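Chemist: Each chain, letter by letter, is given below.
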Amino acid sequence: MTDYQVQSNEVGIFQAAIDNHLPLLIKGPTGCGKTKFVEHMAEKLKRPLYTIACHDDLSASDLVGRHLIGKDGTFWQDGPLTKAVREGGVCYIDEIVEARKDTTVVLHPLSDHRRILPLEKNGEIIEAHKDFVLVVSYNPGYQNLLKGLKPSTKQRFVTLEFDYPKEELEISIVCQQTAIDIKTASQLVGLAREIRNLKDSDINESVSTRLIIYTALMIKNGLSAQDACNHCLILPLTDEQETIEALKRLVNNYF
Amino acid sequence: MEEFVGEVWHKIITKKTETNYQDSKVTLDDQGARLAVYYRALGGNSAHNINGCDKRVVTTRRMWLQKIAGNGRKFHLTWKNQHGLYLPPYIAQFADKRLNENLYYWLASMAAQETVCDNIIENNRRLTLQLIQSHPGLKRQYFELVDTLLTQRPRYPEQGDDYLQEQAIQASLKNPEQSLLIPSTRFQHHPVPLWIYPSEAYLLSVDDETEEELTGHSDIIDDKKTIKKQAQRIDDERETDGLIIFQLESLFSWSEQVNLDRCEDETENEDSESAAEDLDIISLAKKRKAGSAGIKFDLDLPAPENDDLPLGSGMKLPEWNYKTKSFKKDFCLVQPMLSDEALPCPLPSHLKPTANKLAQLFSHLSCNPARINKQQDGSEIDMDSWMEGLASNFKDTSKQNFFINDKKSLRDISCLLLTDISLSTEAHVSESKRVIDCIRDSIFVFSEALQYSQDPFAIYGFSSIKNKQVRYQMIKNYSEPYSDQVRGRIQAIKPGFYTRMGAAIRQSTLLLEKQPTKQKLLLIVSDGKPNDLDQYEGRYGVEDTRQAILEAKQKGITPFCITIDTKANDYLPYLFGSQNFSIIKRPQDLCVELPKLYLNLTSSLS
Numbered sequence: 001m002t003d004y005q006v007q008s009n010e011v012g013i014f015q016a017a018i019d020n021h022l023p024l025l026i027k028g029p030t031g032c033g034k035t036k037f038v039e040h041m042a043e044k045l046k047r048p049l050y051t052i053a054c055h056d057d058l059s060a061s062d063l064v065g066r067h068l069i070g071k072d073g074t075f076w077q078d079g080p081l082t083k084a085v086r087e088g089g090v091c092y093i094d095e096i097v098e099a100r101k102d103t104t105v106v107l108h109p110l111s112d113h114r115r116i117l118p119l120e121k122n123g124e125i126i127e128a129h130k131d132f133v134l135v136v137s138y139n140p141g142y143q144n145l146l147k148g149l150k151p152s153t154k155q156r157f158v159t160l161e162f163d164y165p166k167e168e169l170e171i172s173i174v175c176q177q178t179a180i181d182i183k184t185a186s187q188l189v190g191l192a193r194e195i196r197n198l199k200d201s202d203i204n205e206s207v208s209t210r211l212i213i214y215t216a217l218m219i220k221n222g223l224s225a226q227d228a229c230n231h232c233l234i235l236p237l238t239d240e241q242e243t244i245e246a247l248k249r250l251v252n253n254y255f
Numbered sequence: 001m002e003e004f005v006g007e008v009w010h011k012i013i014t015k016k017t018e019t020n021y022q023d024s025k026v027t028l029d030d031q032g033a034r035l036a037v038y039y040r041a042l043g044g045n046s047a048h049n050i051n052g053c054d055k056r057v058v059t060t061r062r063m064w065l066q067k068i069a070g071n072g073r074k075f076h077l078t079w080k081n082q083h084g085l086y087l088p089p090y091i092a093q094f095a096d097k098r099l100n101e102n103l104y105y106w107l108a109s110m111a112a113q114e115t116v117c118d119n120i121i122e123n124n125r126r127l128t129l130q131l132i133q134s135h136p137g138l139k140r141q142y143f144e145l146v147d148t149l150l151t152q153r154p155r156y157p158e159q160g161d162d163y164l165q166e167q168a169i170q171a172s173l174k175n176p177e178q179s180l181l182i183p184s185t186r187f188q189h190h191p192v193p194l195w196i197y198p199s200e201a202y203l204l205s206v207d208d209e210t211e212e213e214l215t216g217h218s219d220i221i222d223d224k225k226t227i228k229k230q231a232q233r234i235d236d237e238r239e240t241d242g243l244i245i246f247q248l249e250s251l252f253s254w255s256e257q258v259n260l261d262r263c264e265d266e267t268e269n270e271d272s273e274s275a276a277e278d279l280d281i282i283s284l285a286k287k288r289k290a291g292s293a294g295i296k297f298d299l300d301l302p303a304p305e306n307d308d309l310p311l312g313s314g315m316k317l318p319e320w321n322y323k324t325k326s327f328k329k330d331f332c333l334v335q336p337m338l339s340d341e342a343l344p345c346p347l348p349s350h351l352k353p354t355a356n357k358l359a360q361l362f363s364h365l366s367c368n369p370a371r372i373n374k375q376q377d378g379s380e381i382d383m384d385s386w387m388e389g390l391a392s393n394f395k396d397t398s399k400q401n402f403f404i405n406d407k408k409s410l411r412d413i414s415c416l417l418l419t420d421i422s423l424s425t426e427a428h429v430s431e432s433k434r435v436i437d438c439i440r441d442s443i444f445v446f447s448e449a450l451q452y453s454q455d456p457f458a459i460y461g462f463s464s465i466k467n468k469q470v471r472y473q474m475i476k477n478y479s480e481p482y483s484d485q486v487r488g489r490i491q492a493i494k495p496g497f498y499t500r501m502g503a504a505i506r507q508s509t510l511l512l513e514k515q516p517t518k519q520k521l522l523l524i525v526s527d528g529k530p531n532d533l534d535q536y537e538g539r540y541g542v543e544d545t546r547q548a549i550l551e552a553k554q555k556g557i558t559p560f561c562i563t564i565d566t567k568a569n570d571y572l573p574y575l576f577g578s579q580n581f582s583i584i585k586r587p588q589d590l591c592v593e594l595p596k597l598y599l600n601l602t603s604s605l606s
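Residue numbers (our numbering), protein chains in the order written: chain R, 1 to 255; chain V, 1 to 606.
Please keep in mind that the hints were generated in silico from the structure rather than gathered at the bench. Certain hints may be false.
[To be verified] Listed next, the in silico BS3-like pairs over lysine-lysine satisfying Cα-Cα at most 27 Å (straight line):
{"#": "1", "chain 1": "R", "residue 1": "K248", "chain 2": "R", "residue 2": "K166"}
{"#": "2", "chain 1": "R", "residue 1": "K154", "chain 2": "V", "residue 2": "K67"}
{"#": "3", "chain 1": "V", "residue 1": "K325", "chain 2": "R", "residue 2": "K183"}
{"#": "4", "chain 1": "R", "residue 1": "K166", "chain 2": "V", "residue 2": "K139"}
{"#": "5", "chain 1": "R", "residue 1": "K199", "chain 2": "R", "residue 2": "K27"}
{"#": "6", "chain 1": "V", "residue 1": "K596", "chain 2": "R", "residue 2": "K150"}
{"#": "7", "chain 1": "V", "residue 1": "K596", "chain 2": "R", "residue 2": "K199"}
{"#": "8", "chain 1": "V", "residue 1": "K325", "chain 2": "V", "residue 2": "K468"}
{"#": "9", "chain 1": "R", "residue 1": "K150", "chain 2": "V", "residue 2": "K555"}
{"#": "10", "chain 1": "R", "residue 1": "K248", "chain 2": "V", "residue 2": "K468"}
In this text, all values refer to a predicted model and were calculated from it rather than measured experimentally.
Model the full assembly from the supplied sequences, consistent with the hints where possible.
Modeler: Right, dumping it as structure tokens:
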């Protein structure tokens, strides 16, 4: 079983959505536990998980499938999405806004009452397996006119909003994931919460729970707290010298 | 000779009575940027400015030597209000430079917390306790500061209230966990450099509404822009108290009392700065603005010989009347203007570092490689489409597009930057900077950055005097290269008149429409709602602007508004849609945010 710690009522909502064959959208900042949650749910439901991480060169055929060459000429190879639709399972499309525009269109007939996947290239129409669950995620952090999720796509999904866990929960997550002592964990979380205050004014991306866990792992390994924070919390976030100096001050406040 | 001796004496005597280590001095100018980040991280309000504070008079008990030297009377006290944080302009408290630096950060940490109670000593004790309990590293720094500081505290004779008070303060510094009763005395306590003080501790309080005026206009000391003076309100409410030494009957014309604003005297003599420094209190009249408040009048246009060059006789544009839901045909006269007398100038030196940084970022844009699949011709084979072709066995050769084309640049964007240069941009954002200065800086940086991206761009400014003249100031058009001539025009931008936004947007739409590019971005920089002297104020103006934006959208233009009006959330979603605007909290950030925003908006186009 994955060691996921429940934040609020997300498990219940997820369960209710899949009972009704509704697709899910999870939004939240980087590294706040979206992927972990989906893994946890797939395990709980005992269904296979197909994860697709999107990038800007990902096209519809990467999801749906393509023709490949075998020894007897070409044959059709299902993509991860098609596989999940046929056999049933959780298909998790991570950071969907990163993908090309045509990929979201493929999802449309799957995400409404039809629950079908038309394969354009070989003329097949697949009806989704009863255990098929579609989960997509995105990070609404940056404002980009041309990279937002279209409203017509957004409103097809039951939406869950994730944020960084509350202080006590985050401390316990860090302790659990890294087996570090509670004092260091709470200092790290306190520091991270201060750095998060700078989001949008001085730094673009905030300290994720994942970064705190990395830092804790480094400290556990014998690195000094200052160095660990510098390399895991500060340098990944900013290139501005002045900001780096200020953040180092924050670290010195704790260690 | 007398002067020389006096100076030497002053130096000797002040050195004897003050703890001041000039060699290890740390200044706010050096630390300011870092302190601001640090302050925000610890929970300080992100809209706060960090400024230098002025010395305040504190009536402490002084030693006779101090009395002779004339010091020990004024201290740099750290305080904050709703506008910002006021820290000492320099700290030379300790012989160790590191400690002076730590003291700055300590003060910023203290100020970033919410005030917990009104009593200065108790408040500081509690804030200290909060900080050192949650921050073990800071605790170490704190006690290091306290240990050194205790050696510098005044030594009073062992009997008397002052002694007891000082002992109690020292005990509280050493052990902030324990709440002590501090005896009050005839004197105020000797200020503790580790503590923060309320803004109005030692003088009259300043009303909220009037304080805004104060910060907006206190250009008393221009050079030391970050210094804040103690202010005291004088009672001038009784307007009948004016002294009239002649008989009213002897007047040939009528007149009324005019409250002149002497604070903005531009012909300051050089000495006024030091005079202001010596003054403990600068008195400001409370109703300074009263005379001009209620009157609205049409501003006369400048005389033609002083005005910018009008280009042609102007264009007539329609305006939307929301009441009748129809256009008023040819209602607005848009007059393109050119400041032809502006002298070419280079980029102001304070913007060079920012511009260089952005130039690097933007120069990558134009050579961003992009791969297009399924091309007739290209540098690589597109395996996907080849296999697809093999599988479906096309006979039609036109479908045999089996190549990937590496095109160097696919950017096809043109941008028009339209900025508000109405009189409202004359408002101050800090003691030395006005909104218009921020806008000017941002246009400079934006243009510097964009010339590297090779996206065609144009810059216009607008202001208006009713519908009869909407001044459409040309700063750079599409065909002209970005040069010193353009920089000169940017430098020459001056605020004036009102904000008839709709007409300016329509004119920009017309220009942008003619651009051959696929994507067209209309960036609008504004500082508030549309308004003008006629009915354009209020709903009429908002509706007309909205209509103009809808028209632009229909013509395939992407309008985007960037504003410094913090209340813009009330009306911008209605005007631009929920996604198409951005609010900048600190106008000073505009010059960095604007190019960044452009990058963000357009980066995924290629």
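Chemist: Please go over all the hints and tell whether each is borne out by the structure.
Modeler: Hint by hint, here is what the structure shows:
no.	hint	verdict
1	K248(R) to K166(R)	24 Å, holds
2	K154(R) to K67(V)	74 Å, violated
3	K325(V) to K183(R)	66 Å, violated
4	K166(R) to K139(V)	25 Å, holds
5	K199(R) to K27(R)	17 Å, holds
6	K596(V) to K150(R)	23 Å, holds
7	K596(V) to K199(R)	15 Å, holds
8	K325(V) to K468(V)	22 Å, holds
9	K150(R) to K555(V)	20 Å, holds
10	K248(R) to K468(V)	58 Å, violated
Hint check: violations occur at hints 2, 3, 10; the rest are consistent with the structure.
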